[in-house]
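> So you can see what is in the structure, the chains are spelled out below.
There are 2 protein chains.
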Amino acid sequence: MIDNLLLTSLDIIDTPGGNVLHAMKKNDEGFSGFGEVYFSEVGFKSIKAWKRHKDMTLNLIVPFGKIKFVLFDDRVESIKKFQEVIISLDNYYRLTVPPMVWMGFQGLSSKGSIVLNVANIVHSDDEVDRKQINEINYDWSK
Amino acid sequence: MIDNLLLTSLDIIDTPGGNVLHAMKKNDEGFSGFGEVYFSEVGFKSIKAWKRHKDMTLNLIVPFGKIKFVLFDDRVESIKKFQEVIISLDNYYRLTVPPMVWMGFQGLSSKGSIVLNVANIVHSDDEVDRKQINEINYDWSK
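So the sequences go chain by chain: A and B.
Note that our numbering gives residue 277 to position 107 of the first sequence, counting from 1, and the numbers run on in steps of one.
Note that our numbering gives residue 205 to position 35 of the second sequence, counting from 1, and the numbers run on in steps of one.
Derived from the structure by calculation, the hints contain no laboratory data.
Honestly, I wouldn't trust all of these hints.
It does not matter which identical chain is used: a pair holds within one copy or between any two.
Claimed, not checked - DSS-like cross-link-like pairs, simulated, lysine-lysine; straight-line CA separation at most 30 Å:
no.	residue 1	residue 2
1	238	196
2	195	312
3	224	281
4	195	301
5	215	196
6	196	301
7	312	196
This structure is a prediction, so every number in the text was calculated from the model and none was measured.
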């Protein structure tokens, strides 16, 4: 794994009328304070890439659809450069992304997909670096 | 409105590849600390009722589908007894439910529905009161 990237299995609780899906508790590994929670929708085959947060730790949960997250780590001390993580209710994990790692994601469900980010700070464009999709050499078609 | 029940309009931001849906920031009205976030799915026409939390303030957001929430307030000082709130992306609000108010909800979308609860404490059965659906006189078929 990329340094400080965490993948944590989450419980799905079978409940009459509809399941309860765990996301994050304040004592969970990877929790580093509460700033904001927000959702991102991503259409089938759509790609949102690339962003890097200087201060925000992301905690990503996918309650609907299926999403491929691609992490790219160009920190000099890093050994592993690229990492792919696919999350859905069939593979229900929380992905914790530390600051200074590039992240992009792609929707893999024809019904659309939704990701929740439990962020330790309120979103601010001041702490976000962006690159165009082609500025990092990754084959999204594979 | 029932005392201390809040309904807060949330922003939906049009973004290439899929919208960003605001949910809750730490400085928002209705935020009273972070304990846990979790999802509940609710099937079409399914009903989950009734629960009352002694300590938890609920902050409810519906990123998928359409849900009717029914609140029942039997606190003696309360004037308004029942209140219905329907939330979906077409009517995108956060519903803040204070402790000691009974709550039930019903899925109104044939595709299923999902609600996120941003809770000020970690869920514990010790602080939950429950009633069977028929113990509070409300017509869910209307």
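> Each hint needs a verdict: does it hold in this structure or not?
Hint check results:
1. Within a single copy, residue 238 and residue 196 get their C-alpha atoms as close as 26 Å, and across copies as close as 28 Å, so both meet the 30 Å cut-off.
2. Within a single copy, residue 195 and residue 312 get their C-alpha atoms no closer than 35 Å, and across copies no closer than 37 Å, so neither meets the 30 Å cut-off.
3. Taking CA atoms no more than 30 Å apart as the test, residue 224 paired with residue 281 passes in neither setting, with 32 Å inside one copy and 38 Å between copies.
4. In this homomeric assembly, residue 195 and residue 301 come within 30 Å of each other (Cα to Cα) only across copies, at 26 Å, whereas the closest approach inside a single copy is 32 Å.
5. In this assembly of identical chains, residue 215 and residue 196 lie within 30 Å of each other by CA distance neither inside one copy nor across copies; the values are 33 Å within and 33 Å between.
6. In this assembly of identical chains, the alpha carbons of residue 196 and residue 301 lie at most 30 Å apart only when taken from different copies (29 Å versus 32 Å within one copy).
7. In the homo-oligomer, the alpha carbons of residue 312 and residue 196 never lie at most 30 Å apart, since the shortest distance is 37 Å inside one protomer and 39 Å across protomers.
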